Every structure is written in structure tokens, then in C-alpha cells.
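Q: As a plain string of letters, each chain reads:
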Amino acid sequence: MAAITETRETIDRLAESGYQYGFETAIDMDFAPKGLNEDIVRLISAKKQEPEWLLEWRLKAYRAWLTMADPAWARIMHPRIDYQDLHYYAAPRAPAPKSLDEVDPALLEMYEKLGIPLNERASLAGVAVDAVFDSVSVATTFRDSLAQVGVIFCSISEAVREHPELVRKYLGSVVPAGDNYYAALNSAVFSDGSFVYIPKGVRCPMELSTYFRINARNTGQFERTLIIAEAGASVSYLEGCTAPMRDENQLHAAVVELVAHDEASIKYSTVQNWYPGDADGKGGIYNFVTKRGACRGAKSKISWTQVETGSAITWKYPSCILQGEGSSGSFYSVALTNHRQQADTGTKMIHLAPNTTSTIVSKGISAGHSNNTYRGLVRIMPKARNARNFTQCDSLLIGDQCGAHTVPYIECRNQSAKVEHEATTSKIADDQLFYCRSRGLSEEDSVGLLVNGFCREVLKELPMEFAVEAQKLLAVSLEGSVG
Amino acid sequence: MSDLAFLDRVDLASVMEHPHRRAALDAFRTAGFPNRRDEAWHFTDLKARMRDFDWTPPGDQAALMLPDLSLPCAVLRDGVWDAASSRPAPFMSRLVRNEVLPAGANSLVALNVALGQDGVDIALRDAEVGGTVMVVAQARANAQPITPRYRVVLGAGASLTLIEVAQGSGAYVHDPVWDITLGTGARLEHYRLQDDSVQSVHVATVFVTMAEGAHYNGFTLATGASLARSEFHVALTGAHGDVQLNAAQLLTGRQHGDVTTVIAHRAPHCSSRQTVKSVIDGMARGVFQGRIEVDRIAQKTDGYQMNQALLLSPDAEIDSKPELEIFADDVKCSHGATIGALDPEQIFYLRSRGIDEAQGRAMLIRAFLTEALEPIGESVARPIFEAAIDEWWRRAAL
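If you're matching them up, the sequences are chains A and B in order.
When we follow my numbering, the leftmost residue of the first sequence carries the number 1, and every step to the right adds one.
When we follow my numbering, the leftmost residue of the second sequence carries the number 1, and every step to the right adds one.
Think of the hints as simulated: they come from the structure by calculation, not from any bench.
Computed cross-link-like contacts, SDA-like style, restricted to lysine to any residue with a CA-CA straight-line distance of at most 25 Å: (1) A:K427 - B:Y304; (2) A:K383 - B:R361; (3) B:K332 - A:E422; (4) A:K427 - B:E293; (5) B:K300 - A:A429; (6) A:K418 - B:L364; (7) A:K418 - B:E371; (8) A:K418 - B:S334; (9) A:K418 - B:A341; (10) A:K427 - B:D302; (11) B:K47 - B:V198; (12) A:K383 - B:P314; (13) B:K332 - A:L449; (14) A:K348 - B:N35; (15) B:K332 - A:H369; (16) A:K418 - B:A367; (17) B:K332 - A:F434; (18) B:K300 - A:H369; (19) B:K332 - A:Y409; (20) B:K300 - A:G399.
The structure presented is a predicted model; accordingly, all values stated were derived computationally and were not measured.
Input sequences plus hints: build the corresponding full structure.
A: Rendered as C-alpha cells:
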């Protein structure tokens with residue numbers, strides 16, 4: 001019963017504050033002027049002292065973006081975004097810190113509030129963290145111990161300066177600059193993000209983690225993450241996100257690229273808890289993210305696990321391109337929407353090579369007036385002999401004002417492939433609820449328990465610390481949706 | 001060549017005289033043939049197919065035989081009521097065309113309304129028992145689309161078994177539209193055989209509106225046409241309605257077959273069941289798109305959808321999109337899809353019993369097809385469906 005008590009405590013605590021991470025940190029910031037044009041792109045590039053080729057790459061992406069229209073196929077509704085009314089660059093004014101001691105104490109305090117173990121002395125936590133504050137990476141921990149085994153873990157701006165050959169080789173190789181509307185925008189104005197390189201045969205000694213925080217008003221956050229695992233390497237990477245409570249909507253358009261070579265494995269876990277807006281749908285983050293992994297090598301493995309509870313709108317399809325023979329991709333997702341939230345999320349599994357396998361497990365929970373859509377693609381190309389896919393999409397509806405939708409696309413062009421898909425939609429069974437209630441659990445606790453059970457297959461894929469956080473988040477996000 | 005060039009050959013003067021038909025023609029001209037940019041046509045590019053469609057009719061045309069069944073029947077030849085061949089039941093008559101284009105209908109329905117032609121009107125009074133009747137649409141190479149309309153209205157408690165056969169020879173475009181209205185407790189069994197010529201394009205749209213407690217059992221066997229699409233829109237508007245919507249498509253050569261269904265649960269306590277099977281050989285491509293919509297009011301809905309595809313050659317392709325769109329919380333909806341080749345273990349089993357591989361494969365495919373015919377049971381029409389499967393089997397040379 002401990003978990004339940006803990007969950008209730010969390011709910012009680014949040015009943016007062018609503019969204020726990022809704023505070024704003026007062027820090028002297030450096031903004032680029034509002035608006036987007038080639039000069040802004042040049043300014044961002046100059047601020048980051050980037051080489052010429054990167055500026056050219058950004059400008060090319062910007063020009064491609066100008067010719068594109070924002071995608072209309074997803075089941076989401078929002079007013080037109082005025083891209084000229086945003087700051088595309090915001091950074092703490094102080095020069096980049098050399099060590100943690102030089103980091104602005106206000107920032108450290110903020111991360112303390114968020115419970116992020118930035119301080120290396122808190123090594124018990126055993127997680128190396130790269131914290132991205134608005135547009136800039138503020139601190140990366142455990143660099144030295146990682147460097148000893150040859151792992152590079154730093155901000156992408158740093159990587160551009162110190163490992164230009166790697167960045168140049170891989171940046172945009174999975175998600176090309178003109179891939180889609182939001183990816184093109186990101187490519188033009190991306191500010192920072194994390195860079196991870198695991199050399200051949202190295203098993204990364206600790207979990208790597210990035211914490212994203214949008215703080216400033218009227219900014220968009222456009223981070224870019226690039227993870228490369230050489231042959232035989234393996235890494236587990238965690239990502240968390242929060243933002244202050246605000247009336248207006250804020251844009252978050254990130255790009256994540258993963259590259260796995262022969263027999264490498266990358267596990268990417270996300271707990272997405274951006275501010276979802278208030279009960280009437282005012283404010284909240286627009287989370288328009290492109291995440292894609294390329295299994296380039298034979299027997300390589302990429303696994304996406306996500307728990308999506310935040311954001312006013314989620315538009316996100318972490319995908320795997322299975323190019324290496326015998327490579328495998330998996331996608332485990334819990335997407336919970338409440339109040340007026342909208343989520344259109346899912347995955348793409350593109351099978352190009354023989355003997356590739358993919359697994360999709362998606363759990364959607366809708367409550368309040370929200371809409372939750374699973375949209376996924378499984379494509380088996382002619383050369384993907386003996387490819388195998390299993391997909392399971394379950395939706396749970398809580399209340400009669402919400403919507404749950406499932407839109408899978410299955411395209412099979414190889415006869416030896418085996419593709420299975422199943423989907424169900426239901427509500428929480430009355431007998432299950434009655435059973436819990438008869439054992440003395442409140443209705444809210446019962447629903448929390450049953451929802452956690454519904455998501456168990458996904459939650460067990462998360463690293464332990466995240467699994468605990470995710471369970472709490474689910475309970476908190478459902479607050480006010482029953483009774 | 002433009003996909004709309006054929007309109008030059010159509011007698012547009014008569015179309016312009018009727019305001020409904022003129023409006024529909026405008027709608028068709030504006031939208032054109034659907035293409036991939038249209039989400040509902042994501043896997044079927046009709047526009048591309050129509051761009052190089054051969055509209056010129058060959059000089060001599062083979063005579064077409066009518067299905068040998070002694071049933072009351074209405075016969076349409078090239079979309080025109082054939083009084084000599086028709087032996088209609090008392091409740092069947094030639095349809096007088098004057099319908100309005102329904103809002104939101106696609107451009108193929110617009111084309112059907114605009115060009116008019118004949119149709120069949122089937123109207124049963126309350127509690128009337130119609131027995132089994134047949135509608136045959138035969139077509140030959142034609143320079144204009146064939147656009148018949150069928151109106152079926154069953155009064156409260158009425159029942160009917162309707163067998164529909166589409167067949168033909170040469171290159172033509174067959175664009176039929178069905179409007180089916182079922183009264184309270186009415187029952188319609190609708191068995192469709194789409195065996196249009198392999199050079200033709202077949203795009204059928206079937207609208208079914210069901211009142212309380214009505215029952216619709218639709219089964220389509222599609223073996224013909226170079227490009228075929230059967231699109232169903234079923235609306236359950238009264239409680240306790242029950243829909244069975246099954247289909248089997250057999251494709252070989254370069255055939256493209258598409259079964260698209262939308263079942264809208266707009267009332268509580270309704271159930272829908274769907275099984276769609278595709279057998280795909282050669283370089284053919286099969287498409288299944290099925291959507292179950294459940295409105296907020298449609299509590300206690302029970303919806304199920306199954307899609308199975310058997311790929312028989314390395315170049316065969318299947319695209320499937322089973323969709324659920326649900327706004328009510330007390331429902332049970334599920335869908336499943338399986339795609340694959342013949343099960344090697346089953347072939348192994350047969351081989352271990354002394355049956356050679358080719359024979360074993362044939363046996364398993366036949367079993368899959370026989371299973372697909374299950375929805376029509378022991379209907380009098382079964383022989384013509386079996387004959388169509390045999391004919392397809394010969395063409396596919398399995």
C-alpha cells in the first residue's frame with residue numbers, strides 16, 4: 001500500500017500547487033530579438049561561434065522551412081502559431097561556466113527544486129546529467145569519469161567545437177534538415193542539446209540523462225540531441241522536461257537522432273511533463289518533436305520508451321529505421337491526456353533489411369475533455385525477408401467527454417514478413433473498481449492503481465528511478481478526472 | 001492526358017438542365033478523381049490510374065451471359081435498364097433518377113449524380129418478406145463512365161436477401177452508388193460479387209442507414225477490375241442495430257483492390273462485426289481501410305474488426321489501416337490484423353502426410369478462400385461465388 005500512500009501524498013501536495021514545476025526562475029537572460037529571418041539564424045550561429053558549414057546547413061534548413069506548410073494530418077487543433085512572435089534564442093547572460101562552482105546559484109537552486117542531481121557530490125544518484133535551460137546547456141556532470149572510458153557526453157555546441165568531424169558526419173543523417181516542417185525549423189534555429197558518443201565496444205558505465213527546462217517567456221525551445229553508439233557499444237539515456245505555468249502557449253520543437261552501429265544498443269527513455277495548461281486548456285506547451293533512430297549495423301537495437309503526461313499538445317512519433325540485418329526496434333509508450341490536452345503520438349517502424357523485428361506497445365489513457373490518438377506506421381520493404389512486427393495498442397477512457405483514437409498504418413511488401421496488430425478500447429471495468437473500493441480504497445486511489453496496472457508493460461521498461469516518477473505522474477495527471 | 005478529358009464526350013447539355021446534376025458536375029470538376037493527397041485515398045491513387053485509362057471501345061464485343069439462377073432479377077446493361085432480360089419482383093422497378101448530392105460525399109458519388117443513367121428501385125413495405133432477388137450490372141468497353149444508382153428501402157420488419165453481380169468485358173469505369181435504408185427491425189442480406197472485367201475500374205460506394213434493431217449483413221467478394229474499390233458508409237442510428245460487414249478480395253497480376261469501410265455507431269447498444277480477407281498474388285496490391293466511429297451517445301457499443309492478408313508472391317503488397325475513433329467511454333472495441341505467407345508448419349504437416357508442396361499450398365489457399373465464403377452460408381448464390389473463385393484461381397495459375 002506504500003505506493004498508494006505516496007501517490008496520495010503527492011496528490012495532496014499538488015492539490016495546492018497544481019503543477020509542481022510551475023515556478024519561474026529570475027535569471028538575467030540574453031535574448032535574441034523576436035522573429036525569425038536569416039539574420040536571426042546567423043546570429044544564433046555567431047553566438048555559438050559555429051563553423052561556416054554549420055551556418056550553411058542552418059540556412060539551407062531555414063530556406064527549406066520557408067517552402068513548407070505545417071502538417072495538417074494529425075488530430076490536433078490549435079490556433080495558427082505566429083513564428084515571428086517568438087524569441088529564438090535565450091540564454092543566461094553569464095559566460096559559460098567552467099565548473100559547477102561557477103554555475104549561477106539560482107540555477108542550481110532551480111534544479112534542486114526539480115530534484116535533478118546536478119551536483120556531482122550527489123554521486124549516489126549515479127546518473128550523469130546534462131541540463132538544458134531554455135536554449136543553453138548549463139551543466140554536464142560526471143564528464144571526467146565518462147571520459148576515462150572514452151564516452152563523450154557534452155552539449156551539442158561543445159561537440160561542434162571539440163568533435164566537429166563527428167557532428168558533421170552524423171548531424172542530420174537520420175533526420176535530414178528538410179525532413180518535416182518542425183524538423184526544418186529546429187535545424188535552422190536549434191540552440192543546444194546533448195551529444196553522446198559511445199566508442200566501439202564500450203558499455204556506458206552509467207545512465208546518461210538530460211533535463212530540459214523552458215523558463216523564459218515568449219521563447220521557443222529547439223534542442224537537438226545526437227547519440228551515436230559505435231559497434232558493440234551500449235547506452236541508456238533518460239530525458240525529462242518541465243516548464244513554468246503560463247497563460248500563453250509555448251513551442252517546443254526538438255529533434256533527436258540516434259545512430260546504432262553493428263550490435264550496438266541504445267535505450268532512450270522519456271518522461272515528458274511539460275506544463276499541460278490549466279483545466280480549461282489555457283496555456284501549456286506545444287510539443288512538436290521529431291525523434292528517429294537508425295539501426296545501421298547488423299543486430300543493432302534501438303528502444304524508445306516514453307511516458308507522456310504533459311504538454312497541451314503532443315505531436316511525436318519516435319521511429320526506428322531498421323537498416324542493419326537482424327536489427328530490432330521497439331516502442332513502449334504511455335500517453336495520458338486530461339482536461340483539454342491533445343496527444344497525437346505513436347511510432348514508425350521501417351523494416352528495410354532481412355530478419356528485422358519490431359515491437360510496439362502503446363497505452364493511451366484519456367480523461368476529462370481530452371483527445372488521445374495513437375498513430376503508427378509499420379512498413380515492411382521488399383528486401384525485409386522474415387521481418388516480424390507485433391503491435392498492441394490499448395486505450396482506456398475515463399469519463400464520457402474524452403476521445404480515444406487508433407490510426408495504425410500497416411504496409412507490407414514482403415510475403416515472408418509476419419505482421420500482427422491488435423487494438424482494444426475500453427473503460428475501467430466496474431467490477432475491478434468495485435473490488436478495489438470494497439477493500440477500502442478511495443475511488444481516486446483505485447483508478448490510480450488500475451491505471452498503473454494498465455500501463456505496467458510499459459512502465460517496467462523504464463529505468464527504476466524513472467518508473468517511480470512515472471507512476472506518480474500518472475496519478476497526479478489524472479487528478480480531478482474521477483468522481 | 002488529363003484524367004477529366006472524358007467529360008468532352010459526355011452529353012453535358014442534359015446534365016446542365018437539372019440543377020442537382022449541374023451542382024454535382026461542378027463538385028466533380030472541382031475535386032477531380034481522388035488521389036493520394038486525399039487521406040481517405042492514401043493507398044489508392046485513382047487519379048493516376050485514370051490519367052492513362054483507355055476509353056476507346058473495341059469494335060466487336062463478346063456477348064455476356066447472365067448468371068444462371070432462377071431468381072427475380074433486374075438487369076442493367078452499361079448502366080441502362082434492360083427490360084428484355086429483367087424479371088423483376090413486384091417490389092423492384094426502374095429507378096427514376098433525381099437525387100441530390102449528399103453533403104460531404106466524395107467526387108465519385110458526385111460523378112454518379114451528375115451523369116445520372118438508370119438504376120434499380122427496391123422498396124419493401126412494413127413486414128414484407130422479399131425472399132431472394134438479384135441485381136445484375138453488366139458492362140462492356142465504354143467511352144463514358146457507367147454510373148447506376150440503387151435505392152433499397154426496407155420498411156419496419158421487412159426482410160430481403162439481395163444478390164448483386166457486377167461483370168463485364170473490355171475497358172470501362174463502373175461507378176455505382178447504393179442508398180440503403182433499413183426500417184426498425186428490418187433485415188437485409190446483401191451478397192455482392194464484383195467480377196468486373198480485368199481492364200475495368202470499379203469504384204462502388206454503398207451507404208447504409210439503419211434504424212433501431214435493424215440488421216445488415218453485407219458480404220463482398222471482389223475478384224475483378226484492374227483497380228477496384230468498395231467503399232461502405234454504415235450508420236447505426238437506432239439502438240440495438242447489428243452490422244456484419246465482411247469482404248474477401250482476390251488479386252493477381254497487377255490488380256489493385258481496396259476495401260474501405262466506415263461504420264458509425266450513432267446510437268447505444270449496437271454491435272458491428274467485420275472480417276476482411278485478402279489473398280494477393282503476382283504484383284497485385286491489396287488495401288484495407290476500416291474505421292469504427294463511436295459517438296458520445298453510443299454507449300455499450302460492441303465493435304470488432306479483423307483483417308487477414310495472405311501474400312502469395314514476393315511482389316505482392318498489402319496496406320492496411322484499421323482505425324478506431326471513440327468518444328464514448330462504456331464501449332468494447334477492438335481490431336486485429338495479421339499479415340503473412342502460408343504457415344510453413346502447416347505445409348510441413350501436409351508434406352509429412354505425403355502431399356507434395358505445390359499441392360499442399362493449393363490446399364491451404366483453397367481452405368483460406370472457402371473460409372472467406374463462410375458469411376454467405378448455403379445461399380442459392382453460392383455456386384456463382386464459387387465459380388468466380390475458380391475463375392480467379394485459373395487466372396492466378398496457382
